[in-house]
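> Going line by line, the protein sequences match chains X and Z. Okay, so the first sequence: first residue is 1 according to this note's numbering, each after it adds one. Okay, so the second sequence: first residue is 186 according to this note's numbering, each after it adds one.
Calculated directly from the structure, the hints in this document are not laboratory data. By construction, the Cβ of each residue, glycine as well, lies at the ideal position given by its N, Cα and C atoms. Hints are not guaranteed to be accurate.
Stated by the list, open to error - Some chain Z residues well away from chain X (every beta-carbon gap over 12 angstroms; in silico):
#1 L192
#2 A214
#3 K232
#4 Y242
#5 G251
#6 D276
#7 E286
#8 P291
#9 R308
#10 D320
#11 A328
#12 D338
#13 A356
#14 Y360
Unchecked claim - Covered stretches of chain X (in silico footprint by chain Z; criterion: 3 or more residues with CB under 8 angstroms from a CB of chain Z, positions within the stretch not fixed):
#15 9-17
#16 21-35
#17 52-66
To be verified - Per label pair, the in silico range of CB-to-CB distance:
#18 X:S107 <-> Z:E191: 29 to 35 angstroms
#19 Z:G213 <-> X:R114: 53 to 59 angstroms
#20 X:D104 <-> Z:D278: 52 to 58 angstroms
#21 X:D91 <-> Z:D240: 47 to 53 angstroms
#22 X:D153 <-> Z:P347: 24 to 30 angstroms
There are 2 protein chains.
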Amino acid sequence: MRVPVELKKSWRLFNHGPVTLVSAAADGAANVMAAAWVTPLDFDPPKLTVVLAADAYTRELAVRAGTLVLQVPTVSMLSIVEGVGTTSGRDVDKWSRFAIEREDEPSAPAPLVRGCVGWMVARLLDEPHLAEAYDLFVVEGIAAWADDRVYRDGRLRDDVPPELRTVHHVAGGVYVVDGEIVKAR
Amino acid sequence: MRVPVELKKSWRLFNHGPVTLVSAAADGAANVMAAAWVTPLDFDPPKLTVVLAADAYTRELAVRAGTLVLQVPTVSMLSIVEGVGTTSGRDVDKWSRFAIEREDEPSAPAPLVRGCVGWMVARLLDEPHLAEAYDLFVVEGIAAWADDRVYRDGRLRDDVPPELRTVHHVAGGVYVVDGEIVKAR
Numbered sequence: 001m002r003v004p005v006e007l008k009k010s011w012r013l014f015n016h017g018p019v020t021l022v023s024a025a026a027d028g029a030a031n032v033m034a035a036a037w038v039t040p041l042d043f044d045p046p047k048l049t050v051v052l053a054a055d056a057y058t059r060e061l062a063v064r065a066g067t068l069v070l071q072v073p074t075v076s077m078l079s080i081v082e083g084v085g086t087t088s089g090r091d092v093d094k095w096s097r098f099a100i101e102r103e104d105e106p107s108a109p110a111p112l113v114r115g116c117v118g119w120m121v122a123r124l125l126d127e128p129h130l131a132e133a134y135d136l137f138v139v140e141g142i143a144a145w146a147d148d149r150v151y152r153d154g155r156l157r158d159d160v161p162p163e164l165r166t167v168h169h170v171a172g173g174v175y176v177v178d179g180e181i182v183k184a185r
Numbered sequence: 186m187r188v189p190v191e192l193k194k195s196w197r198l199f200n201h202g203p204v205t206l207v208s209a210a211a212d213g214a215a216n217v218m219a220a221a222w223v224t225p226l227d228f229d230p231p232k233l234t235v236v237l238a239a240d241a242y243t244r245e246l247a248v249r250a251g252t253l254v255l256q257v258p259t260v261s262m263l264s265i266v267e268g269v270g271t272t273s274g275r276d277v278d279k280w281s282r283f284a285i286e287r288e289d290e291p292s293a294p295a296p297l298v299r300g301c302v303g304w305m306v307a308r309l310l311d312e313p314h315l316a317e318a319y320d321l322f323v324v325e326g327i328a329a330w331a332d333d334r335v336y337r338d339g340r341l342r343d344d345v346p347p348e349l350r351t352v353h354h355v356a357g358g359v360y361v362v363d364g365e366i367v368k369a370r
């Protein structure tokens with residue numbers, strides 16, 4: 001079940017470095033892309049860095065709206081991850097092409113992708129140099145939710161069902177799935 | 186065996202989001218810390234973003250030297266990862282405290298931690314605003330190596346022995362180990 005995550009704990013959704021889906025909407029249009037380079041930057045308020053290629057339609061929508069949604073897909077969604085990561089919303093309607101369903105969340109400024117297990121609504125901070133020089137964006141979380149089968153208090157559980165595990169991009173359509181949870185202390 | 190990695194493929198060492206160890210040396214002193222927030226930013230030349238806390242001694246040494254070493258530890262090294270991540274080199278000699286061995290690599294500007302499976306020497310780009318506002322550094326790789334049991338052409342292999350698998354930080358000393366490799370295409 002999708003449950004709210006306390007904002008100051010929401011950076012944890014992304015702390016283990018999973019691949020993400022980024023959605024954004026502006027002026028009646030909405031798009032979604034894959035982004036592997038999404039990383040926490042601060043805890044409270046939560047900030048993350050997000051790399052969005054210069055020609056990405058989702059980036060254009062996010063900049064126009066000033067907001068985006070970061071979300072964590074599962075190994076069961078690999079065809080969607082690859083699909084939205086290798087096509088452009090300027091050419092195809094990714095939502096219908098890849099049969100992507102949306103969560104019903106009226107407060108979100110862009111669609112939440114159903115089947116994901118963590119979601120964060122974030123606003124773009126004003127860092128034009130970073131966008132221009134590096135395609136890098138600094139965003140601040142303003143709301144977050146998680147599937148309580150995968151995260152507890154924003155923290156990855158140690159009993160995640162195999163089909164709900166998150167994935168990390170190795171290169172070129174190859175991913176590594178989360179394995180065992182271990183404790184150093 | 187530690188083998189060189191072609192520079193334009195070296196971003197791959199870090200692409201799946203593993204926790205890293207960062208070492209730096211200046212004026213005869215060397216230190217090492219853990220950093221979970223290390224992410225590729227560009228391919229060729231390879232650039233990465235690195236978050237280093239304001240009071241970190243390794244950060245001070247890296248800024249003085251203008252260089253650092255990023256490296257990927259394994260699940261077998263969790264006590265070192267936690268140890269260097271929860272102590273300060275201003276208080277203790279981490280190298281002796283945690284019995285950290287070094288690779289023999291004369292070309293590197295700081296020690297390479299033995300037992301790691303990927304290493305990148307990088308120089309700090311001049312972005313003082315990022316360091317001050319976010320503790321964020323942009324670095325550019327200038328040399329890289331990998332353990333050929335774990336990476337091939339910089340890319341995570343699909344037959345990594347369990348004891349050499351890389352780990353991702355969940356939160357508070359809990360890590361998730363790399364599991365199965367899957368292909369979306």
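> Now look at each hint and say whether the structure bears it out.
Evaluated hints:
1. L192: holds (15 angstroms)
2. A214: Holds, because the least Cβ-Cβ distance between A214 of chain Z and chain X comes to about 26 angstroms, which exceeds 12 angstroms.
3. K232: violated (7 angstroms)
4. Y242: Check passes; 21 angstroms lies beyond 12 angstroms.
5. G251: holds (19 angstroms)
6. D276: holds (19 angstroms)
7. E286: Given that every Cβ of chain X is farther than 12 angstroms from that of E286 of chain Z, nearest at about 19 angstroms, it holds.
8. P291: Correct as stated: the minimum Cβ-Cβ distance to chain X is 30 angstroms, above 12 angstroms.
9. R308: holds (16 angstroms)
10. D320: Incorrect as stated: the minimum Cβ-Cβ distance to chain X is 8 angstroms, not above 12 angstroms.
11. A328: holds (20 angstroms)
12. D338: violated (9 angstroms)
13. A356: violated (5 angstroms)
14. Y360: violated (5 angstroms)
15. 9-17: Since three or more residues must qualify, the claim that chain Z covers the segment 9-17 of chain X holds, with 4 doing so at under 8 angstroms.
16. 21-35: violated (count 0)
17. 52-66: Contact hint for the segment 52-66 of chain X vs chain Z: violated, 0 residues under 8 angstroms.
18. X:S107 <-> Z:E191: 29 to 35 angstroms: Once the Cβ atoms are compared, 47 angstroms apart, the range 29 to 35 angstroms for E191 of chain Z and S107 of chain X is violated.
19. Z:G213 <-> X:R114: 53 to 59 angstroms: Hint holds: Cβ distance 57 angstroms, inside 53 to 59 angstroms.
20. X:D104 <-> Z:D278: 52 to 58 angstroms: holds (56 angstroms)
21. X:D91 <-> Z:D240: 47 to 53 angstroms: holds (48 angstroms)
22. X:D153 <-> Z:P347: 24 to 30 angstroms: holds (29 angstroms)
When held up to the earlier numbered hints, the structure conflicts with 3, 10, 12, 13, 14, 16, 17, 18 and fits the remainder.
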